[in-house]
Amino acid sequence: MAIKQHSVLPGFGLSLGYTLLYLSLIVLLPLSALVIKVTHMEWAAFWHAVTEPRVLASYRVTFGASLIAATLNLVFGLLLAWVLVRYPFPGKRLVDALVDLPFALPTAVAGIALATLYAPNGSIGRWLDPLGIKVAFTPLGIVFALTFITLPFVVRTVQPVLQDLETELEEAAASLGATRWQVFQRVILPTLLPALLTGFALAFARAIGEYGSVIFIAGNMPFVSEITPLMIISKLEQYDYLGATAIALVMLAVSFVMLLVINGLQWWSAKRLGRRK
Amino acid sequence: MAGTQNAPRSIVTTESPLVRWLLTAIALLFVALFLVIPLVSVFAEAFKQGWQLYLAALIEPDALAAIKLTLLTALVAVPLNLVFGVAAAWAIAKFDFKGKSFLITLIDLPFSVSPVVAGLIYVLLFGAQGWWGPWLAEHDIKIIFAVPGIVLATVFVTFPFVARELIPLMEAQGSEEEQAALVLGASGWQTFWRVTLPNIKWGLLYGVILANARAMGEFGAVSVVSGHIRGMTNTIPLHVEILYNEYNFVAAFACASMLALLALVTLAAKSYVEWAAARQAAEDRRQAVE
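If you read the sequences in order, they're chains Y and H.
Under full-length UniProt numbering, think of the first position of the first sequence as 1, with each following residue one higher.
Under full-length UniProt numbering, think of the first position of the second sequence as 1, with each following residue one higher.
Hints are not guaranteed to be accurate.
To be verified - With a straight-line cut-off of 30 Å between C-alpha atoms, the simulated BS3-like cross-links for lysine-lysine are:
1. H:Lys68 <-> H:Lys201
2. H:Lys142 <-> H:Lys201
3. H:Lys270 <-> H:Lys142
4. Y:Lys92 <-> H:Lys270
5. H:Lys100 <-> H:Lys270
6. H:Lys201 <-> H:Lys98
7. Y:Lys92 <-> H:Lys201
8. Y:Lys271 <-> H:Lys48
9. H:Lys68 <-> H:Lys142
10. H:Lys98 <-> Y:Lys271
11. Y:Lys134 <-> H:Lys48
12. H:Lys68 <-> H:Lys270
13. H:Lys68 <-> H:Lys100
To be verified - Facing chain Y, a subset of chain H residues (Cβ under 7 Å, in silico):
14. Leu23
15. Leu71
16. Lys94
17. Leu109
18. Leu120
19. Leu125
20. Gly217
To be verified - So the derived label-pair ranges between C-beta atoms look like this:
21. Y:Arg54 <-> H:Trp21: 18 to 28 Å
22. Y:Pro88 <-> H:Ala278: 45 to 55 Å
23. Y:Leu21 <-> H:Ala276: 25 to 35 Å
24. Y:Arg54 <-> H:Leu71: 52 to 62 Å
25. H:Arg194 <-> Y:Gln185: 47 to 57 Å
26. Y:Gln163 <-> H:Arg194: 31 to 41 Å
Keep in mind that the hints were calculated from the coordinates and are not lab data.
Every residue, glycine too, gets a C-beta built ideally from N, C-alpha and C.
Whole structure, please, built from the sequences with the hints as guidance.
Next comes the structure, spelled out in structure tokens:
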């Protein structure tokens with residue numbers, strides 16, 4: 001990190017030094033401990049730990065449920081952002097504030113609330129049970145918990161873009177004879193696309209790592225409704241530290257990839273909006 | 001972020017009343033199903049068997065110990081990350097150096113790491129099987145399955161909150177005001193306290209509110225390092241889990257309702273800060289025009 005100082009302000013060395021020291025102690029050193037621990041493993045043992053059938057099943061559950069939850073939020077997040085920006089209705093400020101609830105409510109609280117609501121004898125589950133729909137203690141319950149947890153992401157990435165959207169293009173398209181649906185598809189949606197994808201990626205990244213809200217409603221049945229973070233916990237409980245670390249490294253690698261994807265999307269988003277102005 | 005500019009739109013850039021009504025109804029139904037009902041159900045379950053059982057669940061010694069530990073954890077973790085956030089934002093927003101965007105990515109890293117992995121990395125460092133485990137055991141220092149581990153895991157998961165609020169804010173504000181103060185003879189610290197801090201106070205508060213909510217509510221990371229010793233290493237979320245798994249639902253939801261209340265206070269404070277920051281920005285613009 002080459003240091004070039006142009007500013008006359010003081011405190012560069014102190015603030016950057018402290019930042020790097022604290023970052024190294026709290027984040028980088030512990031994360032590298034994980035990587036180093038895995039390098040002590042035989043390749044075959046590592047491969048066995050991360051590809052044993054029960055772990056493979058947990059990847060399917062985690063990635064599948066996260067993908068469905070992020071997609072649900074892509075649709076409903078866009079709808080919610082649209083309604084909040086464009087249509088007047090009573091209680092709008094309240095709804096707008098409430099969108100952030102999943103960020104503020106501890107995940108364990110969300111977990112027990114959803115599990116109790118959707119249990120076969122719960123306030124909502126009671127009505128779904130006769131219809132043959134089981135939410136709690138099934139993969140569907142995992143989807144519900146993840147949808148709750150990741151609800152704000154798409155709304156909060158799309159909302160500011162929609163707010164700054166000029167109506168001139170829409171008017172021009174309409175005056176040239178486009179229907180409202182065509183305007184939405186051809187004019188509005190392309191502008192929102194980077195923000196939509198960013199929100200989707202943020203939601204997906206958050207969902208794959210989520211633990212607290214899911215374990216209460218999932219039922220945690222091997223091969224059916226075990227998520228990958230739970231596999232790490234159960235390895236730890238069996239004192240299989242190497243196995244837990246190997247799976248954690250896979251999750252960490254996925255997190256890194258998602259972080260790069262999100263950075264790329266945000267860069268694209270900024271470029272797209274910058275060009276419009 | 002509440003929509004304020006709802007000037008009537010021209011007829012060609014909005015939808016028919018029926019479509020508008022339908023879309024609003026679907027959106028509100030989604031909000032009711034996924035946000036309002038779960039929130040209300042926490043309080044409904046907590047008070048299901050009356051006030052007395054509710055209060056009894058909160059003043060029971062293990063619950064009180066959990067409340068104390070949660071407050072202590074937030075009281076250590078939030079100020080640590082506050083100081084870091086200010087230092088990081090000062091270095092990044094006020095100076096030019098190579099690798100800046102890489103540094104910002106690294107600061108954001110804890111947000112993308114699974115909470116379970118966040119707990120595990122500290123077990124690998126300080127646990128009995130970890131790097132420094134034998135040395136710590138020799139000197140009779142307990143970090144994992146003890147309070148320091150809980151604090152460390154919480155510091156990790158709340159690491160980026162203040163920094164990521166302040167960096168864009170301070171970048172947008174530039175450093176002309178600070179330079180003017182320095183030219184007029186103020187010292188570096190005076191400049192920071194009298195010029196920078198008043199400018200960033202709302203962003204700072206916003207970051208602190210979010211970090212505090214996460215610190216008090218963190219479950220996954222803390223669960224890995226805590227050891228779940230009742231009355232000793234249980235935070236409120238972990239206490240909720242134990243009660244729930246013992247089928248003591250009233251007590252579990254009573255403790256959960258405290259956290260839900262905290263979430264509501266957080267949302268209210270957040271809305272207030274957003275409003276106050278917007279007002280200050282409008283004021284600054286007006287003064288700049290005059």
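How the hints compare with the structure:
Between Lys68 of chain H and Lys201 of chain H, the direct Cα distance comes to roughly 28 Å. Compliance with the 30 Å bound is thereby established for this hinted pair. Of the supplied pair hints, the one linking Lys142 of chain H and Lys201 of chain H is violated, its CA atoms being roughly 37 Å apart against a limit of 30 Å. Note on Lys270 of chain H and Lys142 of chain H: the hinted pairing is violated, with a Cα-Cα distance of about 37 Å set against a maximum of 30 Å. For the given pair, Lys92 of chain Y sits about 16 Å from Lys270 of chain H by alpha-carbon distance, which is consistent with the 30 Å threshold.
Simply put, Lys100 of chain H and Lys270 of chain H have alpha-carbon atoms about 29 Å apart, close enough for the 30 Å limit, and the pair holds. A distance of roughly 28 Å separates the Cα atoms of Lys201 of chain H and Lys98 of chain H; the hinted pair therefore holds under the 30 Å criterion. Distance hint between Lys92 of chain Y and Lys201 of chain H is fulfilled; the C-alpha atoms sit about 27 Å from each other, no more than 30 Å. For the given pair, Lys271 of chain Y sits about 53 Å from Lys48 of chain H by alpha-carbon distance, which is inconsistent with the 30 Å threshold.
Of the supplied pair hints, the one linking Lys68 of chain H and Lys142 of chain H holds, its CA atoms being roughly 19 Å apart against a limit of 30 Å. At most 30 Å may separate the alpha-carbon atoms for a hinted pair to count; Lys98 of chain H and Lys271 of chain Y meet this at roughly 21 Å. Distance restraint check for Lys134 of chain Y and Lys48 of chain H: the Cα-Cα separation of roughly 25 Å lies within the 30 Å cut-off, and the hinted pair is therefore satisfied. Annotation: proposed proximity of Lys68 of chain H to Lys270 of chain H holds, straight-line Cα distance about 24 Å (limit 30 Å).
About 39 Å separates the Cα atoms of Lys68 of chain H and Lys100 of chain H, which puts this hinted pair outside 30 Å; it is violated. A distance limit of 7 Å between C-beta atoms decides the matter here; for Leu23 of chain H the minimum to chain Y is near 6 Å, and the interface restraint holds. A cut of 7 Å between beta carbons decides the hint on Leu71 of chain H: the least distance to chain Y is about 14 Å, and the hint is violated. Nearest Cβ of chain Y to the Cβ of Lys94 of chain H: about 5 Å, under the 7 Å cut. The hint holds.
The criterion of a C-beta within 7 Å of any C-beta in chain Y is met by Leu109 of chain H, whose closest approach is roughly 6 Å, and the hint holds. Annotation: Leu120 of chain H was flagged as interfacial toward chain Y, and the flag holds, the nearest CB pair being 5 Å apart, inside 7 Å. Checking Leu125 of chain H against chain Y by beta carbon gives a least distance of about 5 Å; that is within 7 Å, so the hint holds. Look at Gly217 of chain H: its Cβ gets to within about 3 Å of chain Y, closer than 7 Å, so that hint holds up.
Our hint of 18 to 28 Å for Arg54 of chain Y and Trp21 of chain H is violated, since their Cβ atoms are close to 49 Å apart. Look at Pro88 of chain Y against Ala278 of chain H: about 19 Å separates their beta carbons, and that is not inside 45 to 55 Å. Judged by the Cβ atoms, the range 25 to 35 Å given for Leu21 of chain Y and Ala276 of chain H holds: they are separated by roughly 33 Å. With their beta carbons about 39 Å apart, Arg54 of chain Y and Leu71 of chain H fall outside the hinted range of 52 to 62 Å.
Separated by about 53 Å at the C-beta atoms, Arg194 of chain H and Gln185 of chain Y satisfy the suggested range of 47 to 57 Å. At roughly 34 Å, the beta-carbon separation of Gln163 of chain Y and Arg194 of chain H lies within the given 31 to 41 Å, and the hint holds.
Checked against the numbered hints above, the structure violates hints 2, 3, 8, 13, 15, 21, 22, 24; every other hint is satisfied.
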